[in-house]
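Student: Chain by chain, the residues run as shown.
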Amino acid sequence: MTVNGQPVSAEVEPRTLLVHFLREDLRLTGTHVGCETGYCGACTVHVDGEPVKSCTMFAVQADGANVTTIEGIASNGDLHPVQEGFWERHGLQCGYCTPGMIMSSVALLSKNDRPSEEEIRHGIEGNLCRCTGYHNIVQAVQFAAARMRGEEPPAADWEGGE
Amino acid sequence: MQAFHPKTLDEALAAAADGATPLAGGTDLMVEVNFGKRRPEMVVGLRRIAELREWERSRIGSGVTWRRVERDGPRAYAQAARTVGSPQIRNAATIGGNLGTASPAGDGHPFLAAVDASIEIASTSGRRLVPWYEFFTGPKQNALQPGELITAVVLPERLPERHEFGKVGVRNAMVISTVCCVVTRDTEGSTTVALGSVGPTPIRVPAAEEMISAEPSPSDSALGEFARLVSEGVRPITDHRSTEEYRRHAAGVLARRLLERCLA
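Chains as they are written, first to last, in my numbering: chain D, 1 to 162; chain X, 1 to 264.
If you only want the chain D side, here are some residues facing chain X, beta carbon under 7 angstroms, derived:
{"#": "1", "residue": "R15"}
{"#": "2", "residue": "G38"}
{"#": "3", "residue": "T44"}
{"#": "4", "residue": "P51"}
{"#": "5", "residue": "V52"}
{"#": "6", "residue": "M57"}
{"#": "7", "residue": "E125"}
Hints listed in this document are in silico derivations from the structure and should not be mistaken for laboratory results.
Quick reminder that beta carbons are idealized off the backbone N, C-alpha and C, glycines included.
The task is simple: from the sequences and hints, build the whole structure.
Tutor: This is the structure:
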């Protein structure tokens, strides 16, 4: 398979989950393991451009596929606009859900460059966050959407208004 | 464990005949594997079989994902698809897998019941078409025999003029239904109502259908009677997700609301 643009090949047990292959064989530990049931979304990666949960997929099912993880979205040391948005709008506290949350957000913005708040919330419905209450995550995605359209991001709701 | 990833249906059917466990999107099976509830010795992956992803008019291949139904499906089926799992799950999970699991809470089932769809099943010895009401045989049980695979969902050539899906759950995002429902209404008033999560299998409520189909423009009291008959006609249980009483009540309210949308 191709991971973050690099061809990789390995012999794995058929039972190996994709997330374990990424973390343990390739040492790409940015993708987290949460619930192993498909609920929490911490393990979200892109397989052939679509976000999926890598804990409910065998590595061998991704044989020949193009996989992108959180490590693969920044370019030349510059944060992806979604990463920048999470930084600028405090879209995380503990950070456990963040890689998956960012991968879902990147996928959402690739299909919809001007999502409404409702569309953002629907787009990240498969990712659970226990810290933020999602409020700042929505602002982070709105920040990124504006950046990616080449516009000035909207002010955070804790800024201005006085 | 051995894993096969064939490209053709014939190879997959041969593996199924040898006892391989079918694996489509993996959103149900893999949870059981991860929790050690199932330890399949042989798995046959279905994702690479192009034939199962074909969608020709009213025949939808079993390998079609919920993401595609959400985008391209008939209205109520697409509405249901939008509530299946989450984006990641809809990208992986298939309509065939939903039927294979045959959960009483499966959000795709009420649409199939409401429009009288059939399920196409194949084995190395041929294909058969099973009407939805013979397909679902109990909670998480279906008419599939060993060695058989679900190959397609077959909808009627013509769908009713209006059809609406709705569901009630404990939260908005990624929730398993407490009640889910599809109501259809055709031009001459003929109405169907199918519900999930309120019985061992998806169910229709003939008494409510007959009563409301005879009302060309239902009054408020006719709508109330329709809701009452739906509540009376479902067979819910009390479990960790809800109580029998609440499900009964919610089924009637939801069915009435969807009927009103069909009439609007």
